[in-house]
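Asker: Taking the hints into account, I'd like the entire structure generated from these sequences.
Number of protein chains: 2
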Amino acid sequence: MNCSIIVIGDEILIGQVIDTNSGDIARMLNPYGWRVNNVQVVGDEASQILRAIEHAFESSDVVLTTGGLGPTKDDITKSVLCQYFGGELYENAEVLENVKEVVTKRGLKLNSLTATQAIVPSSCQVIQNEVGTAPLMWFEHNKKVLVSMPGVPFETQHMFPKEVLPRLLKKFQSNISIEHRTILVTGWSESRLAMEISDWEDALPSYIHLAYLPKPGLIRLRLDGTHPDKDFINLELDRYKSELVERLGDDILHDEDLTPPEILLYHLNRLGFTVATAESCTGGNIAHQITTIAGSSSAFMGSVVAYSNDVKHRVLGVKNETLETYGAVSIPTVEEMAQGACQVIDTDCSIVTSGIAGPGGGTPDKPVGTVCIAVKTPWGIVSDTHHFPGNRSRVIDRATTTAIITLIKELKTKP
Amino acid sequence: MNCSIIVIGDEILIGQVIDTNSGDIARMLNPYGWRVNNVQVVGDEASQILRAIEHAFESSDVVLTTGGLGPTKDDITKSVLCQYFGGELYENAEVLENVKEVVTKRGLKLNSLTATQAIVPSSCQVIQNEVGTAPLMWFEHNKKVLVSMPGVPFETQHMFPKEVLPRLLKKFQSNISIEHRTILVTGWSESRLAMEISDWEDALPSYIHLAYLPKPGLIRLRLDGTHPDKDFINLELDRYKSELVERLGDDILHDEDLTPPEILLYHLNRLGFTVATAESCTGGNIAHQITTIAGSSSAFMGSVVAYSNDVKHRVLGVKNETLETYGAVSIPTVEEMAQGACQVIDTDCSIVTSGIAGPGGGTPDKPVGTVCIAVKTPWGIVSDTHHFPGNRSRVIDRATTTAIITLIKELKTKP
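Heads up: the protein sequence lines correspond to chains A and C, in order. When we follow this note's numbering, the leftmost residue of the first sequence carries the number 1, and every step to the right adds one. When we follow this note's numbering, the leftmost residue of the second sequence carries the number 1, and every step to the right adds one.
Accuracy of the hints is not assured; some may be wrong.
Any copy, or any two copies together, can satisfy a pair, since identical chains are not distinguished.
Stated by the list, open to error - Straight line, CA to CA, 35 angstroms or less: simulated DSBU-like cross-link-like pairs of lysine-lysine:
no.	residue 1	residue 2
1	Lys162	Lys105
2	Lys412	Lys366
3	Lys319	Lys109
4	Lys162	Lys319
5	Lys215	Lys162
6	Lys100	Lys230
Because the hints were derived from the structure by calculation, they are not lab data.
Answerer: In structure tokens form, the structure reads like this:
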């Protein structure tokens, strides 16, 4: 089944807010073989919204919209939908009850502006929003469906899988299965990898497609299989995935679609190890990425962000001679930080960075983008100096991912 | 001037990558009064790309595309553009030279697949990509312009302002000025604030528009002024901004469009103070957000992420009795952490969190979303218990922003 997504909001067109709703919805649709044909982002303007709806229905029977439902004057989606689907706007008593409840839960009092959220087109079927004040609206016309959902990402993340997706699957039952397999590869550029496996890729059957999804420091290879016979396509995908795994050997970081912090936690839990980080240039981002994963407290104990040399010395125990002789961005410094992190936080493993994220601070010897990374395991310390291209946030991201991958590579060698 | 953006790539439609290019481009166009009419995201499929180009040219004279230019088989944008604008694909010697240079700088060797990046339509004017292998392509037809740019965000961030924007401004000179003023407000819900200032908003002249841009814990109010007379509109915007500032008084966090970490660093530098963080539930994210800002090392010294109670006690000096009597998520604990952070990292100020980000760990007394926040300044400690709605990442984000804002509010009271 195909659908189109319309994202409504001036704030997205001017670049003040990044749309994450369309990606969230696509990821929730993927497992059911639903494909997003296109995403349109339009402003809070009636003619633009109307034009987008017409354009979307040209290619899809299902249109999902997010946003444009706030109580302030610049949100006009409801009246546009009423114009498109007919009927009139009226105050729905059940929605008003729900809005009151949501507002009360937030410890606030209902004001007259928020109360206007209860005004909906008579042509829609309302789906109550459990976590926000803007109701979801389900419209049907000539066997086509449009569902209007809130722009607040958290609300759509909560309501779409719970109330919208089940209704869509029920209404549009399909007999085509789409299944995926993902493997994560390190140490290759996209083009070198594509050349390496081009004979294999060319020989893939028509019902299997290979997609390259490069991320900083890692390439995700995804096999998509489309076939009426679900068992058949799963067997085929497993077979082709095994061929790829055999071919790429040690360069495969993991054979499931997990993020590097998830893979790291998988290995730490598997081995019963704990971990700390000691971060200079990544400024806490490694700890942040790990602790974004629910349950990370089973293995992650803590971190020292040592931005100043003084903290590297006093808290992590890096020798002053080391800092003076080799500098903060050096292999001896990160190796002492790795020892110090395990001692101070009391863990089996540590992940350490020290580098120059820029834009200032570079020297001819150590230009912006130079990052020393060390990881400690119970069987030793591994360290290396890297040179990452790009601006400050790109260097921080690359250093974060590379540091996590470095420890994964050490841990995955242990059965 | 209006333009449309087309984002090309299956990886975005399936939600594996979030499009940040369109927002980056919009933010760079805003100051010149250029408006993005709409953004379309389409897959790597010829018919979809063609249809998107036609749809975009219906509403805009300028179309900017990103993505679909990789060397692998699923990227077909170049041949589609050649079909649309005419001409034929040929190998451009200068592009090949540039691709070689970029590849060599990365310490790699040019392979035959990457070399195909030098094949371009004869109907375009090439703009050399200084930081990547995919060339930018400028097409003109019937006074309309299409510019094809790479999908890698860093490359477009670098090349668009340097080579594309100046050419666009030269080609489409405008005599309308669009100017902006932004103020950041805390302590209001969007709807309450809209009601509070509705009389003022209704009285705005037609050339000034007010936009509400809510972010977790803070609302950005942006005044957009559009007028042929640049001096006039700037004076008018200053006048209306002053009225708003006077009306909202202490609830104004800042009167420029900065992020909370930028405002925090502004006040720390202004007062000559240093800061540390001690983080439990935010797991290093406060430190990460601060160190994302270039130059943050002038005020930010370091951080202790104390995920386990043991680290809270041993490294930050929180008393065992405090942890046993009140628990890790309590006002006495975060206040001792605030003292400890200033001592261990040796700073004037500290920002501290301890809470339950979920999904596990909640109790009837302290449900998921409960976060204790403390900040220390040279004149004392301020602390409070908050209840944030939403899932794990939302709780972490809200706690991070609220903690930073708490310290800003303390610092901004000091002249």
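Asker: All hints, please: hold or fail.
Answerer: To see whether the hints hold, each was checked on the structure:
Taking identical chains as interchangeable, the C-alpha atoms of Lys162 and Lys105 lie at most 35 angstroms apart only when both belong to the same chain, with a minimum of 20 angstroms there against 50 angstroms between chains. In this assembly of identical chains, the alpha carbons of Lys412 and Lys366 lie at most 35 angstroms apart only when taken from the same copy (31 angstroms versus 38 angstroms across copies). Taking the shortest alpha-carbon separations for Lys319 and Lys109, neither the intra-copy value of 58 angstroms nor the inter-copy value of 40 angstroms comes in at or below 35 angstroms. In this assembly of identical chains, the alpha carbons of Lys162 and Lys319 never lie at most 35 angstroms apart, being 56 angstroms within a copy and 44 angstroms across copies at closest.
In the homo-oligomer, the alpha carbons of Lys215 and Lys162 lie at most 35 angstroms apart both inside one protomer (30 angstroms) and across protomers (25 angstroms), since each shortest distance falls under that limit. With identical chains, the CA atoms of Lys100 and Lys230 are never at most 35 angstroms apart, being 46 angstroms at best within one copy and 45 angstroms at best between copies.
Consistency note: the structure conflicts with the earlier hints numbered 3, 4, 6.
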